[in-house]
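Engineer: Each protein sequence line maps, in turn, to chains A and B.
Per our numbering, residue 1 is the first one in the first sequence, and the count goes up by one each step.
Per our numbering, residue 166 is the first one in the second sequence, and the count goes up by one each step.
It is possible that some hints are incorrect.
[Unchecked claim] Subject to a maximum C-alpha distance of 27 angstroms in a straight line, what follows is the list of computed BS3-like cross-link-like pairs (lysine-lysine):
#1 A:K141 - A:K128
#2 A:K19 - A:K162
#3 A:K65 - B:K219
#4 B:K219 - A:K60
#5 B:K181 - A:K162
#6 B:K220 - A:K3
These are computed hints drawn from the structure, not numbers from a lab.
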Amino acid sequence: MDKTLQVINGLEKDGIIGKYAIGGAIGAMFYSEPAATYDLDIFCFLPQTGLLIDLGPLYKALADKGYYPNEEEQIVIEGIPVQFLVPSPGLAEEALEQAVDRSAFGVPTRVFTYEHLLAIMAETGRGKDIGRISQCLESRKPDEGRLKDILTRHNLLGKWSKINS
Amino acid sequence: MSTQRLVSRQDLFRAKEAGRRAAAAAPFEEKVAKLVQLQRMNSELAQQDGRPAKKPWNIQIQVSSK
Numbered sequence: 001m002d003k004t005l006q007v008i009n010g011l012e013k014d015g016i017i018g019k020y021a022i023g024g025a026i027g028a029m030f031y032s033e034p035a036a037t038y039d040l041d042i043f044c045f046l047p048q049t050g051l052l053i054d055l056g057p058l059y060k061a062l063a064d065k066g067y068y069p070n071e072e073e074q075i076v077i078e079g080i081p082v083q084f085l086v087p088s089p090g091l092a093e094e095a096l097e098q099a100v101d102r103s104a105f106g107v108p109t110r111v112f113t114y115e116h117l118l119a120i121m122a123e124t125g126r127g128k129d130i131g132r133i134s135q136c137l138e139s140r141k142p143d144e145g146r147l148k149d150i151l152t153r154h155n156l157l158g159k160w161s162k163i164n165s
Numbered sequence: 166m167s168t169q170r171l172v173s174r175q176d177l178f179r180a181k182e183a184g185r186r187a188a189a190a191a192p193f194e195e196k197v198a199k200l201v202q203l204q205r206m207n208s209e210l211a212q213q214d215g216r217p218a219k220k221p222w223n224i225q226i227q228v229s230s231k
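One chain only, chain A, in its complex shape (with noise of 0.2 angstroms):
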């Protein structure tokens, strides 16, 4: 993962794409217990004209460094399939905005916050998120408060509540 990794810090230093962090389930796992997943999501912002977004000098940065797109339209980088995402303006942008510094297999990268992490998944509100939140708050308590304030300044409260009655 540290080679994975490398290549994606590498993007980002050569302005490919802008800021990213982790999401998803693998960005989950900095932070509860590990639950099967496939991909890599990679939440980053890119370059944009208008509404529509340009995936072509990612996409050919990165077949210039021998990685190419799978069927499922990840790109799979020294063995992982990742999925390259842009935010949805709103939860999902603060969440790569106030992502924080980690390491992993000793190579910087940045993930989202716990409580991002989680107010996402009630977002998205998919079975499988659902599944999540639960196997995450039985393996570690998030900060209450700091939950409590994403959900309520994104209208997530009542939803949380639905999710966790």
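Since the structure of chain A is already known, use the hints to place chain B on it.
Structural biologist: Leaving out everything else, chain B in the frame of chain A:
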């Protein structure tokens, strides 16, 4: 010598919770090693059942023992 070991359900749940907290507190590198084990197990079970299986991550992991 008796082989009975009586525990309550609450004791079992408490032990399970403690195990989950310990798993959460483990270094990230150890968690990735466990994740790859999970992926391999999932893949083997899927193959045995004839279900489509996702490929486990093809990475080398060195977890330092402290």
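Engineer: Hint compliance check: list the failing hint numbers for this structure, sorted ascending.
Structural biologist: Structure breaks hint 2 only.
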